[in-house]
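Protein chains in written order, with numbering that gives the first Met the number 0: chain A, 0 to 1008; chain B, 0 to 98; chain C, 0 to 415.
Just so you know, the hints here were simulated from the structure itself, not pulled from any lab data.
Don't take every hint at face value.
[To be verified] The list that follows gives simulated cross-link-like pairs (lysine-lysine, DSS-like), each with its CA atoms no further than 25 angstroms apart: (1) Lys712(A) with Lys20(B); (2) Lys143(A) with Lys288(C); (3) Lys47(B) with Lys288(C).
[Stated by the list, open to error] Just the calculated beta-carbon pair ranges, DEER-fashion: (4) Glu32(B) with Pro353(C): 21 to 27 angstroms; (5) Gly51(B) with Lys683(A): 42 to 48 angstroms; (6) Lys212(C) with His165(A): 52 to 58 angstroms; (7) Val413(A) with Arg21(C): 33 to 39 angstroms; (8) Thr14(C) with Lys391(A): 44 to 50 angstroms; (9) Pro176(C) with Pro160(A): 31 to 37 angstroms; (10) Ala990(A) with Val149(C): 28 to 34 angstroms; (11) Gly849(A) with Asp38(B): 56 to 62 angstroms.
[Said to hold, decoys possible] Covered stretches of chain A (chain C as the covering partner; in silico rule of three or more C-beta atoms under 8 angstroms from a C-beta of chain C): (12) 136-146; (13) 247-257.
Everything numeric in this text was worked out from a predicted model, so none of it was measured.
By construction, the Cβ of each residue, glycine as well, lies at the ideal position given by its N, Cα and C atoms.
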Amino acid sequence: MSQQNRLGTGGRIDRSRPLRFSFNGQTLEGFAGDTLASALLANGVDVVGRSFKYSRPRGIVAAGAEEPNAIVQLGATEAGQVPNVRATQQALYGGLVAASTNGWPNVDRDLLGVIGSVGGRMMPPGFYYKTFMAPASLWPKYEKYIRKAAGLGRTPKEKDPDIYDHINRHCDVLVIGAGPAGLAAALAAGRSGARVIVCDEQDEMGGSLLDARELVDGRPASAWVASVLAELATLPEVLVLPRTTANGYHDHNFVTLHERRTEHLADLAPSINGRRQVRARMHRVRAGEVILATGTHERPLVFANNDVPGSMVAGAVSTYIRRYAVVPGRRLVLSTANDHAYRAALDWADAGREVVAIVDAREHPEGDLVNEARARNIRIIPGSAVIEANGKKRVTGAQVARIDIGGFKVAGRVETLSCDTIASSGGYSPVVHLAAHTGARPEWRDDILGFVPGKVPGMTPVGGVHGKSAIAEALADGAAAGVAAAQRTGFKVEAPALPKVAKVREGKAAALYQVPHVKPAMRAPKQFVDPQNDVTAAGIELATREGFESIEHVKRYTGMGFGTDQGKLGNINGMAIAARCLKQTIPQTGTTVFRPNYTPITFGAIAGRHCREFFDPRRFTALHAWHVEHGAKFEEVGQWMRPWYFPRGNETMHEAVQRECRAVREGVGILDASTLGKIEIQGKDAREFLNRIYTNAWTKLDVGKCRYGLMCKDDGMVMDDGVTACIGDNHFHMTTTTGGAAAVLDWMELWHQTEWPELEVYFNSVTDHWAAMAINGPNARKLLAELTDDIDLARDNFKFMDMREGTVAGVPARVYRISFTGELSYEINVQANHALHVWKALFEKGEKYGLTPYGTETMHVLRAEKGFIIVGQETDGSMTPEDLGMQWCVGYKKPFSWIGRRALTRPDTKREDRKQLVGLKPLDPQLVLDEGAQIVLEKEIRIPMPMVGHVTSSYYSPNLGHSFALAVVKGGSQRIGQTVYLPMADGRVHAAEVVSPVFLDAEGARQNV
Amino acid sequence: MLHIYCPHCAETREEEEFRPKGEAHIARPVEPEATSDEDWGNYLFFRKNPRGLHHELWYHAAGCRKFFNVTRDTVSYQIHETYKVGQKPSVTADKGAAK
Amino acid sequence: MQHYSGFGLVKHALTYHENWQRAWRNPTPKKKYDIVIVGGGGHGLATAYYLAKEHGITNVAVVEKGWLGGGNTARNTTIVRSNYLWDEAAWLYEHAMKLWEGLSQDLNYNVMYSQRGVMNLGHTLQDMRDIHRRVNANRLNGIDGEVLDVKQIQEIVPIMDLSKNTRYPVMGASWQPRGGVARHDAVAWGFARGADALGVDMLQQTEVTGIRKNGNKVVGVETNRGFIAADTVGVVTAGNSGVLAKMAGFQLPIESHPLQALVSEPMKPILDTVVMSNKVHGYVSQSDKGDLVIGAGIDGYNGYGQRGSYATIEHTLQAIVEMFPIFSRVRMNRQWGGIVDTCPDACPIISATPVGGLFFNCGWGTGGFKATPGSGNVFAATLAAGKAHPLAAPFSIDRFISGKLIDEHGAAGVAH
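Here chain A stands alone, though its shape is the one from the complex:
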């Protein structure tokens, strides 16, 4: 078998570059310029797959994006596997390896096909809703077999080594489709100097011009294409993107273009100069104007056994002959309802092969192409259609009969013509998909028997997509739209001179979708509407009879249009059949909604480079390198990488944390606190603003003083907390939780800008500007004293909750005497680029005090010992300040009703049995309760049983010598001293005593030294 269907001359393939490839294990040869489909046809490959439901052999039907059958698995290696490639859109390359996706043991000798032909009768649409119900316990088994039978290709087992990228683009005019209308539009707009992008999904631009029979300016149309592309290449503001599919048309003229950069070269992107090339690129285009030049898809006729390989749409036959020099058979029967399809027969005859007959549904076909066929003595059978194909794995004949379209019946005897190829054409459906993505409903036009795009602001349809398919007409339409679009985006342009194209006179087409058969549709051999999903005309008829009358119901009940071609080939036929069954017109039946993507594209291409380290940014403090060097384990908090603990040697986490905890309470420890959110608040009303946004009062906070503040939403629930310092009378420095910084800034801007614009106050995020180092422990003062000589650290001159500005380790610093551990503590803030210097200086002087770096875990233990909350751990959006026992931080008497105040008096927030923060002391002092353990009041576990709260934080404290926990418990403050129970998944039930959440130094003696 060696390209027996390849013509000796012609086509746009490069015969000097033969390419070897493999299909289903067989080595074949094609040429550069082939698609996989044209190469398979050249080699006489009839069966390319099996249908998933009936397992019928299937061949290539079309030549483009509408192909339903030739879906193959590509890939020479495991990592290079590409599932579900449409052979008609895959450029051939040397070494290509492809295989059919269905069929066992192979597509030619498929055993499931036997089951399909016997069992097919038992599988009408929706059969699975009607069975597999008894016994209920067997459904998982049934389902396993259903799943196994379904699906097309398989996912690779290895990670994708290829890269994909995104590019944002703005243009004045985006032209989608580079056929006659699109090229004329691009040229007209491009000459104006406007930024123009013109894209086309095919490997070669030119669309229908590439296989046109007409001459353009007296030359082959492809020569005109070449001259236009050459001119476009000289226009600096014009971007020409072949192999680029416009996949999604979104609001406000945002269009995604998927460019296949290297998919046509190999299954893994090649390297050039050692750099791996990008496999696909997503252009995210915001266009001023969109010109939609997407043309049409030809509809096949729906007749019995129309899925037998060798049955194709007429236009595809022309394309394969003229563009690829492949005649996909020897003897052709053409069944058509329009003139345009006659080209297939003429091209076939030109190729020197036999046209058995043209079967035309119209009684009196009339037009230039008809006359040409007559002149060449091709037999034309009027008023008739192919009603059934003969053959199994290849067409062996066509059954032809007179038909009565209006009466939907066969009107004469059946004649069988011997042939191996049946081309059919029921008309041309405009490719309205992209316009429909925006929500614009397509509109039916009787004159062209098709839906055209609905109105989209900023979009102009040109050419075939709104019924102007003839080349001369499309060129004029495109050029006019290109001029108008350029003008609307502010460019001056004159209408270009159009090339001369002879007009081809065509007769009126007949409206034929489903061809009647001598038997009723339910009893006739299957008439396929959507071959990929095995949807038949009988299936649609049955659906409507069962009450599925909406076209959406028909679609969902039968599966029509759900395939990977998304109904490009079959949807209009299906709607027409549904309309006939329901005795409605097609526009009454309506169309289903087309959604992105126009053609399927890989997840990788859509994800772009935004995975792994680019999935989400990571934030690092100025001290990160030091932490890494010193063996820190990290915890991520709100994108920040925070040291979690610093193990030494072979220490476990528990051992390290216990050591760090002791070091802080007994000597001095240091925490990198730089990640806390920091916001500068300035302006003469800054203080009033704080009064409104925080729960507590700020009127009397003196310069140089700090205060802890709680922030609520207006529903009274705690959203953030932190310490704010008064730097000057009109100047405050706020800290927020690490994860909440951005939200708090937005929150304050919201209130300021929308509710209180009269307040003069300004906010600025300074989180990254300041590095913060908290030294905690009895030796903190001694350590700091070694590094500063201009800050008076004396106990009574620099008190707890004071702030001082001065110099630390020779650099300017703000030192806050605040404490999240309950120890004597200073938080040293310096400009971030000085941080490492100061940190190192602290360690230089701190060695003798046992200065120990600690991480968030130790911080958590130490703060929990003091009963300090962490917003987001002790709170979950349902806790008020009162629930947390923080009435001391609530300004009940503040004159302005601060955010959250009113909500505290609502019926539910006043309830006494709300969950309240308490401490828990496990009865087993070594037992660390599970965080997230639920709390019950009874020891005996009965399911279901009422729960009264849960453990929010739980640790072992070396300082207390026992385990302890924080929890929220219904009416908790009234339960101090009670024993509660914590049932575990493994059946154990732990017991703990409810205690005060403050476990250590309730009077605050340790920090007031």
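Model the placement of chains B and C on the given structure of chain A, informed by the hints.
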């Protein structure tokens, strides 16, 4: 993918720079303590949520950090106007989309 | 009702499937019904079915402006689970779960409820605290649940990237084995067929244009096919709840947002369970047809356009490829959007309203599908009795006045 004109930057920018913040023109009761539970609940949670013209608050989060209002059709997503906080819309459901 | 069975299928095959009856009638509206249900989605149809079956009220109409099951029922990612955090929500969804488990047999319609398990991943220490809290609460409420470590996850989903190389490495997961997926259209059709057989009128292409009141009491609905009288009206119009409320003269604590989803091309079986992640924000299962069914995030703006922003789709697929690098070469076939009515606490409203006799069942946000039978069941009881079913009571509109919210953002699947 909306294309939004920021009245502060005086430029049309990509949706990804902005954050929607829900219905606009919801004034906090001036005297919360004198507001009934029902009115307080209405202020906090109850919304017009119209099918059609919607006056909504947007935040130019990755831009000028200013809040502003947008009159947008919630079905077609067409933006009829954007205007600063404190200003009134010129396109309303009563007056119809003038533009 | 024509009984469905495998045997019946064989019998019909012998007569070329020419004798299948309509799954439901296409009746002319009566002038008056005992109860009118506005909205022929899954929840509305389930309400009608249970009204007829459990309460003997069969003079019922379901009024649907388009086609049955054409709203969010047709647009969701079909996940069913009941592992909610708070008691009130957990009880409601577990009630639904128990109905799911016998639904195909009850309806004599295979809704393909596939209990393949639902896994919610944790990526941070706080995620894991929340997972423990939720699973412990589930177990004490009698709902199945386990906390899985990474090794256990690997056994169930070997294709997931559980290495430390991902941006947010997986630390563990919650696992509800009884959870799974169902065939969404079949749920609507099964309930419709069941309700029809019991005498309920399904009125398609019938749009409610007004709610007629006498004083403060509902007396019926105006439609494009004329006035239909009823003393009790239940509104179950997800995606349009605010529009119906406006007709009745009040507002709801609801905003309607686009929620998008997408499917891949059909693939051979590769993923046998449902995997969800709030943190990286993607959830995925594989349908019986072979498509990977993927839920995207909610768009922040209000929208009734059944479409959202592309950036949301991009982010979702970034999350999917991050979790499953081998899906990089799988193709996305189609994306779409639904309209979700979201409440401030991510819990629904099943409630009486300021108008007597008028009840609303709405606000299911992103999680309505899984509740379908339970929602219909308790709403039917509420309509039949004229007062809230005990499981529905906590979901009254009043909670937004009293402040007794049930904040399920953590468990709602899509955080917003």
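message: So, against the hints stated earlier in the document, which numbers end up violated here?
response: The structure breaks hints 3 and 8; every other hint is satisfied.
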